[in-house]
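Generate the whole structure from the sequences, applying the supplied hints.
Protein chains in written order, with this note's numbering: chain A, 1 to 340; chain B, 1001 to 1340.
Hints are computed from structural coordinates only; laboratory data are not their basis.
Going by beta-carbon spacing under 8 Å, a handful of chain A positions derived as facing chain B:
no., residue
1, Gln14
2, Glu59
3, Leu130
4, Tyr135
5, Ile332
Quantities reported herein were computed from a predicted structural model and do not represent experimental measurements. Backbone N, C-alpha and C fix where the C-beta goes; we use that ideal spot for every residue, glycine too.
2 protein chains.
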Amino acid sequence: MQAVQTAAKKVGKQSIAFQNPPKIVSTFSIVGPKEGQGPLGKDFDTVLDDSYYGEKTWEKTEAKMVGEAVNNVIQRANLKPENIDYVLAGDLLDQIISTNFGIRDTDIPFFGLYGACSTMAEALTMGAILVDGGYASRVIATASSHFDSAERQYRYPVELGVQRKPTSQWTVTGSGAALLAAEGQGPRIVGATVGKIVDMGVKDPNNMGTAMAPAAADTIAAHLQDFGKSPRDYDLIVSGDLGEIGLSITKELLQKQKIEISDRFYDTGLMIFDRAQGVQAGASGAGCSAVVFSSHLVKELQAGKYKRILLVGTGALLSPVTYQQGESIPSIAHAVSVEM
Amino acid sequence: MQAVQTAAKKVGKQSIAFQNPPKIVSTFSIVGPKEGQGPLGKDFDTVLDDSYYGEKTWEKTEAKMVGEAVNNVIQRANLKPENIDYVLAGDLLDQIISTNFGIRDTDIPFFGLYGACSTMAEALTMGAILVDGGYASRVIATASSHFDSAERQYRYPVELGVQRKPTSQWTVTGSGAALLAAEGQGPRIVGATVGKIVDMGVKDPNNMGTAMAPAAADTIAAHLQDFGKSPRDYDLIVSGDLGEIGLSITKELLQKQKIEISDRFYDTGLMIFDRAQGVQAGASGAGCSAVVFSSHLVKELQAGKYKRILLVGTGALLSPVTYQQGESIPSIAHAVSVEM
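Set out below in structure tokens:
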């Protein structure tokens, strides 16, 4: 591997400017039937017929989706697993089992991450560092979630039929993967802002948008400050996934800091489902921003609709155990700047 | 921040050679009473009087230990939280809550990791990449575990008094932190080998050493191959934490590949407790290798007893859910080469 040229990479307080921006040379997305029926249905590569995908448990279904996403993102780039240096990945399930089992047979060195719904942005950031810095030629960033496996872990088994609150978000069933490479064609990851844990005391596991909004606002403000940018430098600032309530609070929090992003701020949790699909405040899940980024957003960048977007992965670090112990929900947001 | 000089950093199939080796300028360790009574007791910075540390739940105790470790490792280097660019950390609990809550008030940008007991090695690897590559000036790598919080999550609530098996390992109560910096004095991280998920079908959550051994052997063999080194290049190859059974199997697996490390291979899980302390096959837990590395091992490097060690963090990616679904325990090992 040849030596790479470097300059100042650390920017401001918590950001990184890539000097050799990694290219997203391939993406793959696989989703459940409900996601396939949504507004972005045609953008996904594989839509499952049912929530089981031929497996006996939803945990195994999710792991199978992860394996499919990783294997297909490699094949689509005309590569083999041995051409990939590292996988950076995580999911919502305890011990990130979907990821561990999903990539078990790939034989690719692996960094396990946990950032709840911010995982895809965290994986893209870490992966971009490895490629930009010359530590790797090609890496895969991936994240997943499954509605049924997440509901029974975090809230109630779906079989109970517990009524959902208006503030609830619907966990996406899906896995999205992006292959980042030093060489090749595709949108480039040019910068990243690493989030801090922000906790404003929200305790309701059925209102995660409110818990995540302060972290989203904090990271967006830090990103603009660190890079000396204005929101107008982006065609789209897209969170994943604040939902309707979180999006609205984030806008307000930024307006208090005289930062106006309303005309270009959207959320993957509001893009993936139609409101008629009965998803309350929108979608969520580590798979949500992963599949929307790895399909629709990358396609729109490639098609020239957007020149530059800021993906803001937002994670509610919700724990059923600490919730029952009366604790609040700490949150985090990581931002990745991608341009065509 | 000034530009850094770079050369080939990717070595072999799954390793990294640091061109600007980060220095471990400060460490801190905090452990429970049982660990304090063990052979390394005098090496730890803080030994708790009881397993609660003034908190009402063991989860809160563990989070408090993480906060103490992070704050103290900063103070010991005469720095403040705002001087630290990133924390890289994780623990054994679901959603890595000990870490999330433990560092919530530090206001330091954060990468959340999950690698079970390999977490400290994963954090040191990622942290070293950030400093070596010029993405950060100073980072903290930390990991933790707590016997009581881990037992009730992974096996049985300790109040049940379930008899432990001879193959069981005792989860360490403790948090260890290391501060890596581009400038300063201390042992240097010169290389790393990133592990793959290895699963040989072991299904017994009370026999994790056997599950982890193939991953440990795989990473040690890959490390020596990638760097063209022999075991004699290291004064100590120390896993964390295979326990007695895993250590023995790892030696055998390597001997089959004509790699003989027996005379310099040890395990943090066998160093931290005396056998008379009733810990069956040894210790385990993400905190085990973290506290032994951040105290005893770094001190021995500083004292010149060891010139070069290879820390091999070994993680059993055990999930109570997939165990009940009949799945095996996938494992992973990451290796970090440290020299004085």
